[in-house]
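Engineer: One-letter residues, chain by chain:
There are 4 protein chains.
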Amino acid sequence: MTIKVSVIGASGYVGGELLRILLTHRDVEIVNATSRQHAGEYVHKVHPNLKGMTNLKFSGEDAVAAAAKADVAFLALPHKASVQVVPKLMETGVRIIDMSADYRLKDPGKYVEWYGYAHPYPDLLKKFVYGLPELHREELRGAKYVSAPGCMAASAIIGLAPLMKAFEATGPIVVDAKIGSSGAGGKPSPSTHFSERFGVIRPYKPAGHRHAAEIEQELSIVSGRDIKVAMSAHAVNIVRGILTTSHVFLTEAPTQQQLWKAYRDMYGSEPFVRFMMDRTGLYRYPDPKVVIGSNFADVGFAVESRLKRVIALSAIDNLIKGAAGSAVQSMNLMFGLDEREGLNVPAIHPV
Amino acid sequence: MTIKVSVIGASGYVGGELLRILLTHRDVEIVNATSRQHAGEYVHKVHPNLKGMTNLKFSGEDAVAAAAKADVAFLALPHKASVQVVPKLMETGVRIIDMSADYRLKDPGKYVEWYGYAHPYPDLLKKFVYGLPELHREELRGAKYVSAPGCMAASAIIGLAPLMKAFEATGPIVVDAKIGSSGAGGKPSPSTHFSERFGVIRPYKPAGHRHAAEIEQELSIVSGRDIKVAMSAHAVNIVRGILTTSHVFLTEAPTQQQLWKAYRDMYGSEPFVRFMMDRTGLYRYPDPKVVIGSNFADVGFAVESRLKRVIALSAIDNLIKGAAGSAVQSMNLMFGLDEREGLNVPAIHPV
Amino acid sequence: MTIKVSVIGASGYVGGELLRILLTHRDVEIVNATSRQHAGEYVHKVHPNLKGMTNLKFSGEDAVAAAAKADVAFLALPHKASVQVVPKLMETGVRIIDMSADYRLKDPGKYVEWYGYAHPYPDLLKKFVYGLPELHREELRGAKYVSAPGCMAASAIIGLAPLMKAFEATGPIVVDAKIGSSGAGGKPSPSTHFSERFGVIRPYKPAGHRHAAEIEQELSIVSGRDIKVAMSAHAVNIVRGILTTSHVFLTEAPTQQQLWKAYRDMYGSEPFVRFMMDRTGLYRYPDPKVVIGSNFADVGFAVESRLKRVIALSAIDNLIKGAAGSAVQSMNLMFGLDEREGLNVPAIHPV
Amino acid sequence: MTIKVSVIGASGYVGGELLRILLTHRDVEIVNATSRQHAGEYVHKVHPNLKGMTNLKFSGEDAVAAAAKADVAFLALPHKASVQVVPKLMETGVRIIDMSADYRLKDPGKYVEWYGYAHPYPDLLKKFVYGLPELHREELRGAKYVSAPGCMAASAIIGLAPLMKAFEATGPIVVDAKIGSSGAGGKPSPSTHFSERFGVIRPYKPAGHRHAAEIEQELSIVSGRDIKVAMSAHAVNIVRGILTTSHVFLTEAPTQQQLWKAYRDMYGSEPFVRFMMDRTGLYRYPDPKVVIGSNFADVGFAVESRLKRVIALSAIDNLIKGAAGSAVQSMNLMFGLDEREGLNVPAIHPV
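Chains as they are written, first to last, in numbering that gives the first Met the number 0: chain H, 0 to 350; chain F, 0 to 350; chain Y, 0 to 350; chain R, 0 to 350.
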């Protein structure tokens, strides 16, 4: 089987990462990669790592025309651009994997609360499956519309889901996220100027980060309780990678065995979740350094008994498991392929 | 006035930083800098930045002999080495500024709980002033024995003290700390090997970090309540700098005005505390990047009303405000000098 | 066809990179990976990126026993360890790809001059093919013994070969090399301690770098002249990657067309050489940043007519094209496989 | 004595560094710091490291009005902006230290050759002293007009001058320069976007770098010969610092003693030149890491006898010795002050 794929908005970092992964996918043909700004240019002028791998050029077609040639369209468009494109694509019958936040939240009211606008197509929200195979594998099989998770959300949710499912927290979950620069995209600005960005530990969204909305949604579903997330995001001195440190206070301090059971029950046979819990060695806890270039999510935990605190740690490559990788994994499920196809590669280490 | 200073254990990073600052201090004469391992070598062989600034050589004298020539001795010795040295130095009449944790905690029981040993000189603990001028200025004036704070403790305490004094938290304070490599000292190990250390976001002590003990001690004093601190420490891809992100849940969400008042009341005339709270610009929140090379502590906060959460942010140079700088500031107070002498220099930016 | 592969000395960075690449190679079965120090441990304890990709454990077998099970043995041993192992392996009939310098130089006298010892098996040197497919493709097809190039040598030779073949230099070639930390291996030392290594531009071998010997050998062969190389090596603030800047003075300044012709004639159909020469864009010249994780060598040049100088630039990932990648590419040629198998993946960008 | 200083164009990195140094200078009063774009804003909004050190605001005055209040004006204006400002300032009688290239070259023809324009005031060029105290100390004493050197030029000239004075090269000098991002200034662009700039070894000017013109000028003066410089510049993964590696081929290989004599004769009593030549330790050669934050220039050399090559190494902080530091040192000489005033501080290490 060859799946015809269109990448709409392929000039950003998420678009580039989709192309990189899809180029090595054995069952995929990239029928077009669109970019208004770079129409007609070689893809490798914008994504220099793809030079020598493809002679594809950016197409200037609009989303509908481009997607018409494809079985599935990945939308890697800026914030709020997908909102209007999705209904038009739906009419063409193409399957959709949207990389934006525009169709991630089930409750239309949350768009008002977190994103500051009334969603114009509230009825369409429920047609989308949240594209995290670890939580929604069965729904993704055969799904027509998928909304890929936010990068920090993906990390936090994967790290917390087993804990939230098995134990009851006494209050809001503190999600302290640390992320590299690529999460902010490819557009220069004073805050991304190398001399100003190098070496920072910059709290860029100590309160009100929008990914909290989807973390709350997903953890509430998995736990059957109303979970609140107190999130703070920090930019650190790397390009790729996220670590989420989630602090959870429970009514009783769990034992190591109970925690292991919770994580094994949920992730024991996940192809892309690794338990990074070791008594010796350098990588005793999750650290994004050892997932860079791969679709793995590394999870681990620690317990502070005296405070009944569990620290749930999770590390991913924000552009892969936090974006393009989870999206391709979802695509594989949608089309009944081996879930690992195109993604079954180790991280690059050391890098 | 010229103060004669001895630096005991001067070959580590804290020792080097003490020497660097003291060399530019107008009222100080460094009478010796000891190092068993490097006795007889030029100080600048170990601290190459001091080349051209001093021809001092490391002395191989023991602590008592070295301190006998001085008005004040800085002890920059490894963990648990100061315990036995301090009583001997006390007999000589020299003033002491200890950089280790050995005399930081007032309650001897805490040494059993956090450090795993029974303190052999519990009666001496109360003779030491905790060397954070922002909290103990009056005690430091004329003090004879000072214990300099732990680097992450200094950051967390400065960031939280006004909040803890003015408001009541509903549970443990989450202190999520991020720190550069220099906090781990100058000794090579597999975990500090560049190829393995570069690019990490490494949770190296998610639970049980010992600095929590002194943070709890100091915040309990300042607030008059029994404060518990849920601390997690992470190593990030820089050499110098700490950011502590402290998550505090209150019974009511405070207003911005209330918070500003709390911080201004406490720090309004502090020479080395800056409020990094701006609606525009790159440095809207504290970020260690802009304190590197200086004794400043930058503080700021954010509020998430829906969860009654305050995020207290604090950034310092771990080797200066988190060690040598606070120690020299304490020395200035001990000897009745201008508190800023030797420390009144801006950070280096960009770096 | 399945090739049985043994990796002798698999716990270092080159060994780990060989394993990473071989694990995704469709025609390879790794029969063992030896490490005396880590015998019995999971490979992923040492190479954490391989966790989830393999359950292989390090074997404690000696080289002969391990290689006896294989069609080809990669020797990733420390400097001078291969010298004695090679003759023993030869007796077993196994093919050998040696990653060390021990069998790279054809002239035994050069081992005295550059490495300071008399090679004990001078007659064996000529049995080895220098494992750079761009220069020795035909010899590699069916070769039994291959010596993989030094990482900086690979970069310099690939960057200079077309120039040396087509033009005559007036004196020694200046090869100014810049390299990341992984080239120094995985063993901690004061010079690799993160706090001391971070941010350096450290000239670690301004004169006398041993890779000069093989660069001279290979460029002399390709040009038919006696080429001398004035090499200087610098460590810079990255983990992976090499840039070699080679300064060549010619009798006449060549035109752009003449230079393009020289490079195209030699590399026009090379699968892993890319011309990074563009009038616009960020990547107008080779830069290791855009080859990381791939087997590509990026080449480019500039001309300063007034001085009749050509600057030949070349960028590689030191652990791939500079080591494991070229070795696997050589293996593919030895066994008549598609040269790109296992290596046909794009670089990771941005990272 | 208090010198009244005006900094014209104070919002860039060089302007910020001038302010930082001048704020700690005991004989200086900053009368104004101009910036059209930031007129009326606090200086520390743009230079966050100066917060807490000064309440100065940017002045919107034009250069003539601002300089009229001062004894000396530092011009930290963009390329080609000083050309027209200088003659106007000259009429006011103010002393001038120009940080740009506009008055660095003595030969007007070089502006056509290297900068592509005919200098409109060729007669003024000779009125300026090239602001490198190591070469022009006597001229700087009492000078009225000074042109501060280019950052890479300062490094290369200091590293090469003793060699060029004492020995005769057989051809052009290869100057291979490596520099941090701050040399490119504070304005965001695609090439300075963190995700694209991080981790590079980017050859940004392999031929034709304009600093070659002033290196040739100064080395020709010091040697009495017509020196040609084959320069190539590279951006590396740091913010501050330059290393220049200069490759010089001589008619005879000099001995270590001859080289030491050449360097000692010239720099034996220089306050800001250090010899970084050691047989042991980490810092056996110059490395910008250990000069960051200081006005030191570290020099060293190596010899490759077989090729009669000397490698002259030089490391500086590009914003200090390569700009603001040399300028303040020149100012001190102009006004008869202790040359070290405001600059007599060690580097920050480790950082």
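Keep in mind the hints are simulated off the structure, nothing from the lab. Please read these numbers as outputs of a predicted model, since none were measured by experiment. Check before you lean on any hint, since a few could be wrong.
One copy or two, either will do: identical chains are not told apart, so a pair holds if it fits within one copy or between any two.
DSBU-like cross-link-like pairs, simulated, lysine-lysine; straight-line CA separation at most 35 Å [as the list claims (entries may be wrong)]: (1) Lys105 / Lys307; (2) Lys260 / Lys143; (3) Lys126 / Lys227; (4) Lys204 / Lys186; (5) Lys143 / Lys307; (6) Lys260 / Lys307; (7) Lys44 / Lys307; (8) Lys56 / Lys307; (9) Lys68 / Lys227; (10) Lys44 / Lys125; (11) Lys3 / Lys204; (12) Lys87 / Lys126; (13) Lys307 / Lys68; (14) Lys186 / Lys56; (15) Lys79 / Lys260; (16) Lys44 / Lys164; (17) Lys44 / Lys260; (18) Lys79 / Lys68; (19) Lys68 / Lys125; (20) Lys204 / Lys68; (21) Lys204 / Lys126; (22) Lys164 / Lys204; (23) Lys56 / Lys260.
Engineer: Checked against the structure, which of the hints given earlier come out wrong?
Structural biologist: Numbers 5, 8, 9, 10, 11, 13, 15, 20, in rising order.
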